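Enquirer: Listed below, chain by chain, are the residues.
There are 2 protein chains.
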Amino acid sequence: MPSTTNQDPASGKRQIVIIAGGVGAARFIDGMQQIHPPDSISVICNVGDDLTWNGLKVCPDIDTVIYTLAGIEGELGWGIQDDFTSMLDELTVLGDEAWFRIGNRDLATHLIRNRILQNGGTLSEATGELCRRRNVSVNVRPVTDDNHPTMIRTTEGILTFQEYFVARQSEPVITNIEFPNKDSALPAPGILDLISTAESIYIAPSNPFVSIEPILQIPGIRDALIESKAPKIAISPIIGGKAIKGPAAKMLYEMGHDVSALGVAKIYAPFIDLFVYDTIDQELTPSMDSLAIQTAHCDTIMKDRLGRKQVAVNVTALLNEVQKY
Amino acid sequence: MPSTTNQDPASGKRQIVIIAGGVGAARFIDGMQQIHPPDSISVICNVGDDLTWNGLKVCPDIDTVIYTLAGIEGELGWGIQDDFTSMLDELTVLGDEAWFRIGNRDLATHLIRNRILQNGGTLSEATGELCRRRNVSVNVRPVTDDNHPTMIRTTEGILTFQEYFVARQSEPVITNIEFPNKDSALPAPGILDLISTAESIYIAPSNPFVSIEPILQIPGIRDALIESKAPKIAISPIIGGKAIKGPAAKMLYEMGHDVSALGVAKIYAPFIDLFVYDTIDQELTPSMDSLAIQTAHCDTIMKDRLGRKQVAVNVTALLNEVQKY
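Protein sequence lines correspond, in order, to chains A and B.
Add 9 to a position in the first sequence, counting from 1, and you land on the number used in the numbering used here.
Add 9 to a position in the second sequence, counting from 1, and you land on the number used in the numbering used here.
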C-alpha cells in the first residue's frame, strides 16, 4: 500500500505550524485554513486541560480546534452547536455533580476517542481519526501522547485546570502553575520534526500560561522552537488590556506581568521573531521597541468566519514583511 | 457504623427471589413490588445479554428491570421513556454503525456503572448503587460479577446475543446456544444464600433459553435451586403459542421443543413445584397433567401497571394454594 508510506501530512511538505490552545487558537486556525491549503497547516495542541470524565478522556483544546475547523463549534466557542445536555441532566438526576458540561453530541467524540485509546491507540492516532471523521484536513496533533496535566496552585489549594477554570470559574488567586509530568512526558511522534522543518511557526492568540506554556514544557519542544529556521510569529491574546476569552489577563496580573500585549510580548520574546498585537493597543508601540524582536499591529479581532479570515490575511502579510529583512 | 453490618437486604429476612431476564420479568417484578414490600423482593438477573459498547459495560436486562421498577422504562419496554438519541445520531454522523440503540439519558446509567467498575467496584456494587440512585428498593442483583456471555450459534455463524437479537433481529436459525464462561463464572456474593434461604422462588416470564438458562449455567445455581426448600414457581413466557416479546417461540421451535406453554413447562419441570400458564392456553391442561409438577392457569398478560399488579396477585394466590398441599 504505497499510500501508507507518506501518511504524515507533514512529511515531504513543509508545514505552517501553529502552536495552539482552545477557542482563540481555533478561530485563528479557521482563518488560516481559509487562505492556505488546509493540509499545509499543522496544529500542535495543548493537552494540559485534558481530563478524565466518567472514565473517558476528554481533550477540550483539541476538540475545540476540530469542532471549529469543522464549522460546528458551539456559540460560546466550545462544544457542538445546538447540542443539548439530556445525558448530563440525567447524571444530575442520579446525584452526580456534573459541573463539567458535556453535550449529547459532544459525547460521541469522547466515546470514539476512548474506544481508540482502549484498543491501544495513541492520542495522536485518536486525534487523526477524529479529524478524518469530521472531514478536517488540517493536521491537528496533541503535543504529547502522555498525560501532562496543568495544575493550578492557588491560595485555596492545588486544582486541576478544569477544576480551576470551570468548577471555580477562574476565581481562586494563582500562586503558581505546575506541570508535574513535564520531565517524563515525551513529544508525540513527529512533533519535533514538524517544528524543525516548519515553513513558518505561529503562536496562536491563546493563554500564554495555560495554553502555550504547557506545550513549551515538554522536553525538547522549546529547544526545537528556538533552533528552527522558520520565522516565528506570536499573536497577542490580550487586546486593550483584556483577554477576549478566559483568564489570561487575570493570570498576567497574578503572575506578576504587565497586564497588556507588552506583558505577553516579553514572555514570548526569547524565542520568536515577530509579535503581532491589536491596533487598539498601538499606544504600546514605543515600549515594544525596547524588545529585541520585531513587533507590528493589525486588527486581530475575529467576530465571525470572515473576521477570522481577515486576521489570518493581516498576520500572514506582517510575517511576509518581516521575512524581507 | 452499625448500619453497615446488615447491608445485604437479604440478610436476616427471607426474600421473595425472582429469577429474571428483561422486559417480561421487569413487568412481573413491578407487579410484585406493588403487592409485597419492595425490600422483601430480590431479583437474580441474567447478564448473558451484556455487551461492551464503546468501552462501556451495558447490562440490558438489569437496566430494563431497574428502569421498570423506577417507572421510567421506554415505550417498548427497554431504555428510558421520552429519551432521544442525539449522541447516537452523532456517532452515526461520524461513521459508526451504532446498531445498538442507546439514548442520551440511558447513557448516564452506563457512565455511572463504568465509573464504578473502573474504580474497582463489582457489577453487584454498581447495580446496587444504580438502584439506590433510582430509588428502587427491590434488591436487584446480577447472577455473577464475571463476564458470562450468551453466544448464539446459527447457520450463519456464531453471534453474541445482541448481534443476534438487535443487529440481526433474531433472524438467523439457531443451532446451539453456548456459554463459553459457564465453568469459570462464579455466582455473585450472596446469590447462593439468597436462593437457599428464599421464602419463595419465581422464574419470571422470560425467555427460557437466553434469559433463564444463562443463570442456571453458573456453577452452583441450579443445584441451589433444586435444594432450596422454598416453593418454586415458573410463569410461562409463551401465551397462545407466541412470546409477548422476543424470540422465545422461534427458539423453542429451532431447539426442538413444543412451541407452547407445555414446551416451557417441560424445560422447568425438573426443578420447580408449580408452572403457571395463561388461561388462554387452558386447552393444554390435560397434557400438563403428564408432568410431575403442579400446573395452574390464570391471566398473565400485563398491559399496564394495574395489569402487572393483577398478574402478581393471581400468581401469588396460585402459589399460596400449592403451599397448602
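Any given hint could be a false lead.
[Stated by the list, open to error] Partner residues are not named here, just some residues of chain A that face chain B (Cβ under 8 Å, in silico): (1) L100; (2) L120; (3) N123; (4) S133; (5) E208; (6) I235; (7) T294.
These are computed hints drawn from the structure, not numbers from a lab.
Remember, it's a predicted structure, so these values are computed and weren't measured experimentally.
Quick reminder that beta carbons are idealized off the backbone N, C-alpha and C, glycines included.
Enquirer: All the hints need checking, so say for each whether the structure fits it.
Expert: So, going through the hints one by one against the coordinates:
1. L100: holds (5 Å)
2. L120: holds (4 Å)
3. N123: holds (5 Å)
4. S133: violated (18 Å)
5. E208: For A:E208, the interface hint is violated, since the closest Cβ of chain B sits about 31 Å away, which is over 8 Å.
6. I235: Violated, because the Cβ-Cβ distance from A:I235 to chain B comes to roughly 39 Å (cut-off 8 Å).
7. T294: violated (47 Å)
Consistency note: the structure conflicts with the earlier hints numbered 4, 5, 6, 7.
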